Amino acid sequence: MTANQLDEMFEDGLKNIYYTEQQLVDTLSELEQQTAEDTLREAFSEHRSETEEHVHRLEEVFGMMDMEPEGKPDRAVEGLIEDHDEFASRDPEQQVLDRFNLSAGQKTEHYEIGAYDTLIPTASDLGMDEAADLLEQSRQEEENALNKLSDISRETRSPE
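Quick note: the sequence shown, position 136, residue 136 per full-length UniProt numbering, numbers continuous.
Treat the hints as calculated values from the structure; they're not laboratory data. If you're wondering where the values come from, they're calculated on a predicted model, not measured in any experiment. Hints are not guaranteed to be accurate.
[Said to hold, decoys possible] Quick list of in silico lysine-lysine cross-link-like pairs, DSBU-like style, CA-CA up to 30 Å:
#1 K107 / K72
#2 K148 / K72
#3 K148 / K15
#4 K72 / K15
#5 K107 / K15
#6 K107 / K148
[Stated by the list, open to error] Just the calculated beta-carbon pair ranges, DEER-fashion:
#7 E8 / E136: 15 to 25 Å
#8 E136 / S29: 22 to 32 Å
#9 Q5 / D66: 16 to 26 Å
#10 P69 / S153: 29 to 39 Å
#11 H56 / N147: 16 to 26 Å
#12 Q140 / D38: 24 to 34 Å
#13 E8 / R75: 14 to 24 Å
#14 D66 / N147: 30 to 40 Å
#15 T2 / T39: 43 to 53 Å
#16 S153 / D26: 19 to 29 Å
#17 N147 / P121: 17 to 27 Å
#18 E155 / N4: 18 to 28 Å
Every residue gets a Cβ at the ideal spot worked out from N, C-alpha and C, and that includes glycine.
Given the sequences, and given the hints that come with them, work out the whole structure.
Given below as structure tokens:
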């Protein structure tokens, strides 16, 4: 793989995660409004604030590359959002919608962690250690959010 191909791969990945994080700021706000369970609603609110910071960090990385921040649509994230919107349009019971929102949040966190797990070592390989550090901060927050959602999932399961 040439350095130019690695640069292109990194730029594409950066544009994808930038688009994803921008979409999720709005989506997390919607999830927060739709969710009745207090702990879950609070988790969505906290992570929305973190996601806004992820967008700012990504803008810093674009700046380090002398690029204007630019999102590239990501079909995987668009699919997750469409799945959520389609399910919510069926007017499920609130407890069911809360559980679906929790699942959607977990799926999204896994996806974001995977994206950052590719970007971080690629940034390092390109000699962009400061960018890798910024991306690692966001990745760690994604993992923390996933752990919080997983804890909520275990705590709110219906008794058997």
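Cross-check of the supplied hints:
no., hint, in the structure
1, K107 / K72, "holds (20 Å)"
2, K148 / K72, "holds (29 Å)"
3, K148 / K15, "holds (27 Å)"
4, K72 / K15, "holds (5 Å)"
5, K107 / K15, "holds (20 Å)"
6, K107 / K148, "holds (13 Å)"
7, E8 / E136: 15 to 25 Å, "holds (22 Å)"
8, E136 / S29: 22 to 32 Å, "holds (26 Å)"
9, Q5 / D66: 16 to 26 Å, "holds (19 Å)"
10, P69 / S153: 29 to 39 Å, "holds (33 Å)"
11, H56 / N147: 16 to 26 Å, "holds (23 Å)"
12, Q140 / D38: 24 to 34 Å, "holds (25 Å)"
13, E8 / R75: 14 to 24 Å, "holds (19 Å)"
14, D66 / N147: 30 to 40 Å, "holds (36 Å)"
15, T2 / T39: 43 to 53 Å, "holds (49 Å)"
16, S153 / D26: 19 to 29 Å, "holds (23 Å)"
17, N147 / P121: 17 to 27 Å, "holds (22 Å)"
18, E155 / N4: 18 to 28 Å, "violated (49 Å)"
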